[in-house]
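J.: In case you want the letters, here they are:
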Amino acid sequence: AQSVTQLDSHVSVSEGTPVLLRCNYSSSYSPSLFWYVQHPNKGLQLLLKYTSAATLVKGINGFEAEFKKSETSFHLTKPSAHMSDAAEYFCVVSVVRSGGSYIPTFGRGTSLIVHP
Amino acid sequence: EAQVTQNPRYLITVTGKKLTVTCSQNMNHEYMSWYRQDPGLGLRQIYYSMNVEVTDKGDVPEGYKVSRKEKRNFPLILESPSPNQTSLYFCASSPPGQWTIYEQYFGPGTRLTVT
Chain A
1 AQSVTQLDSH VSVSEGTPVL LRCNYSSSYS PSLFWYVQHP NKGLQLLLKY TSAATLVKGI
61 NGFEAEFKKS ETSFHLTKPS AHMSDAAEYF CVVSVVRSGG SYIPTFGRGT SLIVHP
Chain B
1 EAQVTQNPRY LITVTGKKLT VTCSQNMNHE YMSWYRQDPG LGLRQIYYSM NVEVTDKGDV
61 PEGYKVSRKE KRNFPLILES PSPNQTSLYF CASSPPGQWT IYEQYFGPGT RLTVT
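Chains as they are written, first to last, in the working numbering: chain A, 1 to 116; chain B, 1 to 115.
Errors might be hidden in some of the hints.
Non-contacting residues of chain A with respect to chain B, defined by C-beta distances greater than 12 Å in every case (computed) [unchecked claim]: (1) A86; (2) S94; (3) I103; (4) P116.
Some, not all, of what chain A presents toward chain B, calculated at C-beta under 7 Å [unchecked claim]: (5) G16; (6) V19; (7) R22; (8) Y25; (9) G43; (10) L44; (11) R108; (12) G109.
FYI, nobody ran anything at the bench for these hints, they're computed from the structure.
Just so it is clear, CB atoms sit at the ideal spot from N, CA and C, and this is done for glycine as well.
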């Protein structure tokens, strides 16, 4: 079984300050982990993905995430928030099951609010 | 332009009236799936397809059907919609290979209201 917990439903920051969106996961196997962003009235767009090549993953728009196996975490960070970062963010874990089936599990989302 | 398209984008219907939401991708992806998004619940997978004529249930398949007769198309069918199927629906596709390491490409969403 696998699960994802996004620890904050809302995060509020001021423009220019750091962003931290927290994600913990559980998985019986070595997972792949993703962060997606959803802007209002839009579909989801991939920010970054972890696939066991490197524990620190850099994504688009200055975001990065660090995979910490001992803490089962995959927190998303950005050094300096921009107004355009205001959106919903989803952490996703996926594992290929026996037979090749694949059901990704999404966290419930974190809404990032950026104040001027 | 590489993309996943869904139609319609918005749909209001009544209980019990069969409907189909279409999904098409032009990237030659083998894997396609449908999700519903509800406030506070994130996205939950309804059905997925690993290739033509190969479909399987996701986490919340009750009340839905799918078919995959062509690689590019993966329609979602609600034979007898009910108000609890009011939701925002997303179609997604992934390239061939190892699905766990490839990201999904999402359509723009279909907002369905069942009265």
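J.: Taking the closest pair, is the beta carbon of A86(A) still more than 12 Å from chain B?
T.: A86(A) is indeed farther than 12 Å from all Cβ atoms of chain B, at 18 Å.
J.: Taking 7 Å as the limit, does the beta-carbon of L44(A) come near enough to a beta-carbon in chain B?
T.: holds, 4 Å
J.: Holds or violated: G43(A) as interface residue toward chain B, Cβ cutoff 7 Å?
T.: Interface hint status for G43(A): holds (4 Å vs cutoff 7 Å).
J.: Taking 7 Å as the limit, does the beta-carbon of V19(A) come near enough to a beta-carbon in chain B?
T.: For V19(A), the interface hint is violated, since the closest Cβ of chain B sits about 19 Å away, which is over 7 Å.
J.: Can the hint on R108(A) be confirmed by a CB-to-CB distance to chain B that is less than 7 Å?
T.: holds, 4 Å
J.: Could you check if G109(A) really has its C-beta closer than 7 Å to a C-beta on chain B?
T.: At about 5 Å, which falls below the 7 Å cut-off, the nearest Cβ of chain B leaves the hint on G109(A) intact, so it holds.
J.: Closest CB-CB distance from I103(A) to chain B, is it above 12 Å?
T.: violated, 5 Å
J.: Hey, is P116(A) genuinely clear of chain B, shortest beta carbon separation above 12 Å?
T.: The claim holds: P116(A) sits with its nearest Cβ about 26 Å from chain B, beyond 12 Å.
J.: Would you check whether G16(A) satisfies its interface hint, that is, whether its CB is within less than 7 Å of any CB in chain B?
T.: This hint is violated: G16(A) lies away from chain B, its Cβ roughly 29 Å from the closest one there, beyond 7 Å.
J.: Any CB of chain B closer than 7 Å to the CB of Y25(A)?
T.: With Cβ-Cβ at 13 Å, over 7 Å, it is violated.
J.: Just to be careful: measuring from the Cβ of R22(A) to every Cβ in chain B, is the smallest value less than 7 Å?
T.: Constraint on R22(A) not satisfied, violated at 15 Å.
J.: Taking the minimum C-beta separation from S94(A) to chain B, is that value above 12 Å?
T.: violated, 5 Å
Hints 2, 3, 5, 6, 7, 8, counting from the list given before, are not met by this structure.
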